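Engineer: Sequence:
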Amino acid sequence: MYFITYGLKKIFFLPLFHAFPGIWCFNELFFVKEPQDVTVARKDAVVLDCQARGELPITITWLRNGVKVSENERIYTLSNGSLYISEMESKRGEVLDEGLYQCLALNKYGAILSQKAHLTLATMSAFEVQPLPAEVHEGSIARFTCKITANPPAIITWEVNRTTLPIAMDRITALPSGVLQIYGVQQKDAGNYRCVATTVSNRRKSAEATLAVIPASNLKPFHKPAIIAGPQNITASLHQTVIFECIATGNPKPIVSWSRLDHKSIDVFNTRVLGNGNLMISDVKVQHSGIYICRATIPGTRNFTTAMATLVVLAPPSFVEWPESLTRPRAGTARFACQADGIPAPKMSWLKNGRKIHSNGRIKMYNSKLVINQIIPEDDAIYQCMAENSQGSILSRARLTVVLSEDRPSAPCNVHAETMSSSAILLAWERPLYNSDKVIAYSVHYMKAEGLNNEEYQVVIGNDTTHYIIDDLEPASNYTFYIVAYMPLGASQMSDHVTQHTLEDVPLRAPEISLTSRSPTDILISWLPIPAKYRRGQVVSFRLSFRLSTESTVQVLELPGTTYEYLLGGLKPDSIYLVRITAATRIGWGEASLWTSHRTPKATSVKAPKSPELRLEPLNCTTITVSWQQDLEDTAAIQGYKLYYKEEGQQENGPILLEASDLTHTISGLDPRRKYHVRLLAYNKMEEGYQADQTVSTPGCVSVRDRMVPPPPPPHHLYAKANSSSSIYLHWGRPAFTSAQVINYTLRCNPVGLQNASLVLYLQTSETHMLVQGLQSSTRYEFAVRLHVDQLSSPWSPVVYHTTLPEAPAGPPLGVKVTLIEDDTALVSWKPPEGHRTVVSRYTILYASRKSWIAGEWQVLHREGTITMALLENLVPGNVYIVQISASNEVGEGPFSNAVELAVLPKESSESNQRPKRLDSADADTVFSGYYQLDQKSMTGIIAGVCIALTCILICILILIYRSKARKTSAPKSIHRGPDQLSHSSSTSVHANEMSKSIEGIAENEESLLPMIMGNNILDAKGGTDLIINSYGPVAKNASKKKWLFFQGLKKVKTEEPQRRFTKAVCLYQSGTTVIIEKDCSQEQPNYQATYSIIADTEHSANSEGSHETGDSGRFSHESDEELHLSTGISATSATSDSFEGNDLRVTMCPVLSASEEPPDQSCPLSLQLPRAGQN
627 MYFITYGLKK IFFLPLFHAF PGIWCFNELF FVKEPQDVTV ARKDAVVLDC QARGELPITI
687 TWLRNGVKVS ENERIYTLSN GSLYISEMES KRGEVLDEGL YQCLALNKYG AILSQKAHLT
747 LATMSAFEVQ PLPAEVHEGS IARFTCKITA NPPAIITWEV NRTTLPIAMD RITALPSGVL
807 QIYGVQQKDA GNYRCVATTV SNRRKSAEAT LAVIPASNLK PFHKPAIIAG PQNITASLHQ
867 TVIFECIATG NPKPIVSWSR LDHKSIDVFN TRVLGNGNLM ISDVKVQHSG IYICRATIPG
927 TRNFTTAMAT LVVLAPPSFV EWPESLTRPR AGTARFACQA DGIPAPKMSW LKNGRKIHSN
987 GRIKMYNSKL VINQIIPEDD AIYQCMAENS QGSILSRARL TVVLSEDRPS APCNVHAETM
1047 SSSAILLAWE RPLYNSDKVI AYSVHYMKAE GLNNEEYQVV IGNDTTHYII DDLEPASNYT
1107 FYIVAYMPLG ASQMSDHVTQ HTLEDVPLRA PEISLTSRSP TDILISWLPI PAKYRRGQVV
1167 SFRLSFRLST ESTVQVLELP GTTYEYLLGG LKPDSIYLVR ITAATRIGWG EASLWTSHRT
1227 PKATSVKAPK SPELRLEPLN CTTITVSWQQ DLEDTAAIQG YKLYYKEEGQ QENGPILLEA
1287 SDLTHTISGL DPRRKYHVRL LAYNKMEEGY QADQTVSTPG CVSVRDRMVP PPPPPHHLYA
1347 KANSSSSIYL HWGRPAFTSA QVINYTLRCN PVGLQNASLV LYLQTSETHM LVQGLQSSTR
1407 YEFAVRLHVD QLSSPWSPVV YHTTLPEAPA GPPLGVKVTL IEDDTALVSW KPPEGHRTVV
1467 SRYTILYASR KSWIAGEWQV LHREGTITMA LLENLVPGNV YIVQISASNE VGEGPFSNAV
1527 ELAVLPKESS ESNQRPKRLD SADADTVFSG YYQLDQKSMT GIIAGVCIAL TCILICILIL
1587 IYRSKARKTS APKSIHRGPD QLSHSSSTSV HANEMSKSIE GIAENEESLL PMIMGNNILD
1647 AKGGTDLIIN SYGPVAKNAS KKKWLFFQGL KKVKTEEPQR RFTKAVCLYQ SGTTVIIEKD
1707 CSQEQPNYQA TYSIIADTEH SANSEGSHET GDSGRFSHES DEELHLSTGI SATSATSDSF
1767 EGNDLRVTMC PVLSASEEPP DQSCPLSLQL PRAGQN
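For reference, each letter of the sequence shown is one residue, going 627 to 1802 in our numbering.
No lab work stands behind these hints, which were simulated from the structure alone. No false leads were slipped in.
Between beta-carbon pairs, the in silico distance windows are:
| id | residue 1 | residue 2 | range |
| --- | --- | --- | --- |
| 1 | Ser696 | Asp796 | 56 to 66 Å |
| 2 | Pro1424 | Ser696 | 47 to 57 Å |
| 3 | Ala842 | Pro1532 | 40 to 50 Å |
| 4 | Ala1075 | Val826 | 50 to 60 Å |
| 5 | Ala842 | Thr1429 | 48 to 58 Å |
Straight line, CA to CA, 25 Å or less: simulated DMTMM-like cross-link-like pairs of lysine to aspartate or glutamate:
| id | residue 1 | residue 2 |
| --- | --- | --- |
| 6 | Lys659 | Asp967 |
| 7 | Lys773 | Glu785 |
| 8 | Lys1064 | Asp1090 |
| 9 | Lys1457 | Glu1516 |
| 10 | Lys995 | Asp1005 |
| 11 | Lys694 | Glu1014 |
| 12 | Lys659 | Glu713 |
Quick caveat, the model's predicted, so the values are computed rather than measured. The beta carbon of each residue, even a glycine, is placed where N, CA and C say it ideally should be.
Turn these sequences into a full structure, and let the hints guide you.
Structural biologist: In structure tokens:
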């Protein structure tokens, strides 16, 4: 049908656009002025405005509470359409003129209705709250309050001793809500106080209350802050002014601050503080709604207290989607959409020419939409969408224009119906009498004949048949049918309506039974009528079957169809009986119910509580409501109730323990289309009472597959907000419905990734918000919600994910360590608190010297939760500092660690400060040798320092290489070593005068040239050669090796050269030559080792041949000498190069021979010449 209808619209509009050019151009009817809410005094006159524009003539009619106003001399309509009331009247207990007024404007195109205006009389009640006497100490706070209900709201002022109280003082604050606050009470404030309420027509004065001032005591002990008058929950209308009160006491005087629970900023443009902490919000808007927190804090401490209140801002309806005017052909379909927002959610309704529309077969209203099927000429009208709530109403209009076709076919004729079965009816008809050849399809329409708001169903079939069987009908029901013929450019009128009744059938299900006992020997069986859709005809009889659970013999009773209870007597006490029931129509018996068990009471249970009157009702497809009423004549004491339930064939759940005051309970999380057995009993301290048993069936969750009625839409705008580490607050929007039906919601909650479906939590509520508690911290949950209305269930809403807040840190940071890294700077480090679920977003470091700590003056540092170290700078030497650290997150702050002390020594104690002192929270007297965690900045500094050091070392090496090359180019070959002796070429080429100069220079620098004496060896102090002298003479090298082999490893040399034995030699030297000989001249020195240290090493020493070949500068590393082993056990003061400046040194020494060689001529000395300073 929809395809054909769409095609008709598509084809139909094109030729009609020019054929009927004026059909879209009507003079629109609209209001210029609409009536507004007004409050007047009795006997005053009032005018309600109403002015409409459109094609004349326009008729204005006034309605009060939906009924036309009867005009007379006192009430009549002015020429401009406004309503005039010359004098407001009312009688005691009855208000004649008060009510909701609307004006209706009518012209030839239709009618429109205005918004509702509330006309009320000015009234004032008696004082609901009177000020009370008070005694306060001098310097404290006095508070008086009064409350009165008035329309319009009264203005509250205060008097003291019957004179107007001056409120210009800073100490006195008078809130518009009727609260008087006096801060810092003085003796002169004592007196009698009362409040005065004033409106335009009334004035009332409250009773007087005495304020007595008690002299203050000199002792003012410290006490924590306390809020003596906190904020109260407020529900306000849009644009009103609201005030949250907050009075706090404490010593020292606390500071009051305000914040929002959702951490949103408070509107600073519309908000200000009255007095010493009262929050006033003017011109409130919807975004001001929320939970406000008042916090009172003692300055300089962590002592605070809070109080909170909720602000709900109500808003009148406002349209977010407006209906649009439509032009449709006859038999077409028109759909108007309309959507409005408001707080509370507005109720939506539709008007046709100012009259409310009721759903019928062709016209349906759902989801705030209006659908008109099979349009007829009478549907041509002005339609209005009206949204209203407690704050007001608004309307939006749209025009439906119906276009008629002249050559459309006539209606199908001779329509008749024949019943085929309990669910099928055969419908037949004849083709139209006119233009039947243009028919392309037929549309069959049918609906139930009984009841209101029945859904109309439609089936489209081809033009090649004139009969059709509808086989999805309900048994024993009347249905109405009609046929419409379609052509390409339009449709026929509806055919005549026919009504037909389907046959009866056996009942689809058995009644739900309830079992109770009035005595130990009886069972009262009661049951409810079968719902009509399961009855499938008229029930003519019931059959009861019962037996003992231990026996197989079944007793059967048949009762008339009008009976709904039966008492079984003569039963055995304390025995389990099984009962079931079957219903029958004239067609036959239906299926029997399953056996329901019941235990009769014990024979001794005469004082036990009687069985309650139990009632079960399905709330939706997964929830049942259990309600009960205890017998008023029962005198037995009741401590509480025990509730059990089970699905048929499954294990019983329970008991659920309920209080004695409970009379209802909701069982949720059930399966649709299942039968459940519920039993309830009362109990006391003595024994359990008589039980009541009843069965109930959950309905199916109706969806589109079950019937053509569309399911209700799911709740929208599901919003989740974590309140704490174990609770999440959820809020959602209520979809718009055409009637004020009771709506219930099922909330589904489970952790993300849950595998066990039995752990899914289902919660029931009738509100559009819920606080889900008992959740795990730092866990991600998924939420979805669905609604249930009139046995219909919506789909689940889109899933919303939210994570609970982490738990506040339960312990302090661990391993707190403090190290003094500079004279005035210390490094403090720590580890996160214990707990795998603990999340830290910030660390707080408190430190202070002992003097400041005693005064309570802490210095505070904050670090992000990922950083576990901080620098304490600008420390004062000579002080001992105390350090404490705590961890916190968005939920709260954890405890502080144990105090760690850091001693910053005075600067004059430089030696003691050279080594950093490190203290930790575990042992402040022990130096900790562990590592510290380094942050990114510290690592960057270390890397930069290492790079600079490496660069400096590289530059030094380059400089040394450069100088070495310079010496290579100018230094002579100073020493050549033969195979058997040491020979120096420089000593054979010197002249006699040079020798004498060298001797003189040596004599002058004799003291500075003293060699280093180590063991049995004497080392040349100049350091220019590697010549060693002992008591036997110079120590000779292995003549078979070249000089550069000197740098090879010691291990190889040791394996090649055996230990040497030295013979004593005669040392010849010239006069003035300094030779140092060991005093102890032993004949043999086995296992000889030379231990020495170089005293001076200057650039004035001559380079050896070996040093030229290796590129060395002549500074030998004696650690790699082939024959000498160094010892670091001896040290001496180094000689400077100045000791040799200007002198040549020649030393004549005896050669040293091995034990196997013959001694040479003792007159042949070896000479060593040291160059003059400045020479190479």
